[in-house]
Amino acid sequence: MVAPTRAPLRTDRLRTVNAPKPVTVDLQESGLMTVGRPDGRTAGHVEAILESWRIDDEWWRQPIARAYLEVMLEGGKRLVLFQDLITGEWFSQMP
Amino acid sequence: MTMARHPTSTLAACVWIPLFPLRCEEARREGLAGFPSALLAPDTTRKLWQVSPLARHTGVKPGMTVSQAIGLCPTLRLLEPDPVHYDEQFAKLLSALTEVSPVVESAELGIAYVGTDGLEGIYGSAEKIVEAIKRTLECWNVGMSEASSFRLGWGVGKFTAWVAASRAKRSEAIVVPIGEEQKFLASQPIAVLPLDPDIHRRLRQLGIRTLGALAALPEEAIAAQFGSVGRRLWLLAAGRITERVVGRITPEPIVAALTFFTPIGERELLIHSLDQLIARALRHPRRIGWRVHALRLRADIEGGGSWLATILLKDPTADGARIAAPLKTRLEQSPPTGAVERLVLEFTAFAPGTSELQLFARDAQAAARAGQQRALQTAAREIRMRIKRSSLYHIIEVQPWSRLPERRYALIDYEP
Numbered sequence: 001m002v003a004p005t006r007a008p009l010r011t012d013r014l015r016t017v018n019a020p021k022p023v024t025v026d027l028q029e030s031g032l033m034t035v036g037r038p039d040g041r042t043a044g045h046v047e048a049i050l051e052s053w054r055i056d057d058e059w060w061r062q063p064i065a066r067a068y069l070e071v072m073l074e075g076g077k078r079l080v081l082f083q084d085l086i087t088g089e090w091f092s093q094m095p
Numbered sequence: 096m097t098m099a100r101h102p103t104s105t106l107a108a109c110v111w112i113p114l115f116p117l118r119c120e121e122a123r124r125e126g127l128a129g130f131p132s133a134l135l136a137p138d139t140t141r142k143l144w145q146v147s148p149l150a151r152h153t154g155v156k157p158g159m160t161v162s163q164a165i166g167l168c169p170t171l172r173l174l175e176p177d178p179v180h181y182d183e184q185f186a187k188l189l190s191a192l193t194e195v196s197p198v199v200e201s202a203e204l205g206i207a208y209v210g211t212d213g214l215e216g217i218y219g220s221a222e223k224i225v226e227a228i229k230r231t232l233e234c235w236n237v238g239m240s241e242a243s244s245f246r247l248g249w250g251v252g253k254f255t256a257w258v259a260a261s262r263a264k265r266s267e268a269i270v271v272p273i274g275e276e277q278k279f280l281a282s283q284p285i286a287v288l289p290l291d292p293d294i295h296r297r298l299r300q301l302g303i304r305t306l307g308a309l310a311a312l313p314e315e316a317i318a319a320q321f322g323s324v325g326r327r328l329w330l331l332a333a334g335r336i337t338e339r340v341v342g343r344i345t346p347e348p349i350v351a352a353l354t355f356f357t358p359i360g361e362r363e364l365l366i367h368s369l370d371q372l373i374a375r376a377l378r379h380p381r382r383i384g385w386r387v388h389a390l391r392l393r394a395d396i397e398g399g400g401s402w403l404a405t406i407l408l409k410d411p412t413a414d415g416a417r418i419a420a421p422l423k424t425r426l427e428q429s430p431p432t433g434a435v436e437r438l439v440l441e442f443t444a445f446a447p448g449t450s451e452l453q454l455f456a457r458d459a460q461a462a463a464r465a466g467q468q469r470a471l472q473t474a475a476r477e478i479r480m481r482i483k484r485s486s487l488y489h490i491i492e493v494q495p496w497s498r499l500p501e502r503r504y505a506l507i508d509y510e511p
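Going line by line, the protein sequences match chains A and B. Note that the first sequence covers residues 1 to 95 in the working numbering. Note that the second sequence covers residues 96 to 511 in the working numbering.
Please note: incorrect hints may appear among the correct ones.
To be verified - Partial chain B-side listing against chain A, Cβ under 7 Å, derived:
#: 1; residue: 423
#: 2; residue: 505
#: 3; residue: 506
#: 4; residue: 509
Claimed, not checked - Far from chain A, some chain B residues (derived; all Cβ distances over 10 Å):
#: 5; residue: 498
#: 6; residue: 500
#: 7; residue: 501
Since the hints were derived computationally from the structure, they do not count as laboratory data. Quantities reported herein were computed from a predicted structural model and do not represent experimental measurements. For each residue, glycine too, the CB sits at the ideal point set by N, CA and C.
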């Protein structure tokens, strides 16, 4: 419905705001959780999980199931992550 | 007996340009007319205001939310409204019409009435008068898209003229001969009446489909059912009311003057004084609703002699800076030859601003809005020139209720 953010710029077309950005999440056996960027760089280690919630929507069309986590990284930076429970991929997004 | 303040006319021509704002956009955006398009409402950007016929074919209607409209028509082109531009275009249209008749009344954007009493002495029959209006509209229409074609109606009173215009084909006119109003109106649908949806529904439930059917009922019965509104509707349907076209009187010249205790020769001081005079003249109550078209600046020079600059503004305006610009240029290029004792500014001719949007400095807020829009346009132009692409966006609500954050808002290219 909404044109993707990276679509060529055209007048009169809608562009999405706050589209999910792919990230990698690595959970080690020690319990250390690391968030990485798509280019392989590390965004940071997770210090604490502040909140978690789940969204299930559009089951009548193309089901959407997301597990959201609001985390605090080392240094105090807050980040909202979600895992697409259908594909298993991780994304970051503003709440 | 008192003299009427405004010139009026019983015989009326109605000029109607449907979807006027959308047509203005089509005129300035090449190729837009070939796509389904819609204007966002000026007050709230979540709803559609005007919808092109192509978009209507896909089921998009005014009042829909952006998400509903995009759902129905993914190729829909959404446009930011530019009320100042529409108002300016409409003011130009009114100004053009005053060349045919001095009695011109603006009803709403895209609808204007021209009083034609007495014009038969100049143009001839009603058909000839309508032809003269058509010629004027065709000249005005040059800058507009082909789709912006007008519809014209002529008859006794504004209502008959409006109904005739609403039934006319594109770029054509319907003339209702004098005395045949009732016959003409009888076959028209009740939708041409200024009805609220509730009365419209009730009339249809009563099986009343045409003005003739409504007029055939006793006036008192309609008044008993629908009150004073119903009585007025009955009178309109029966052709018993003749609403006159009420023109506006062009205001007398506005004069603002400044006498200096000590004659001044410095250009900066003169320019400062000029700004003050312009601001004072613009605040004059007689100027409300009018834009300045012609002005004169006079300077009395010490020891006799005078200096005069007469300016005719190409685009009439109520904006102080735009009025001042040509005068300042004149002061720079050929200043007074001596120290100035007295500076007099006169606004000598005016062009109507439209009454609907009241954007032409009816008050300070309106002037500020118009100025703000111009400043935004300039800034956006500069940004585009520097980075070679548009990088300004307007945030619109798409599905603000959505649980998915990326569905709530979207960006649309912003072109002030």
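Legend entry - In rising order, the numbers of the hints this structure does not comply with: Violated: hints 1, 4, 5, 6 and 7.
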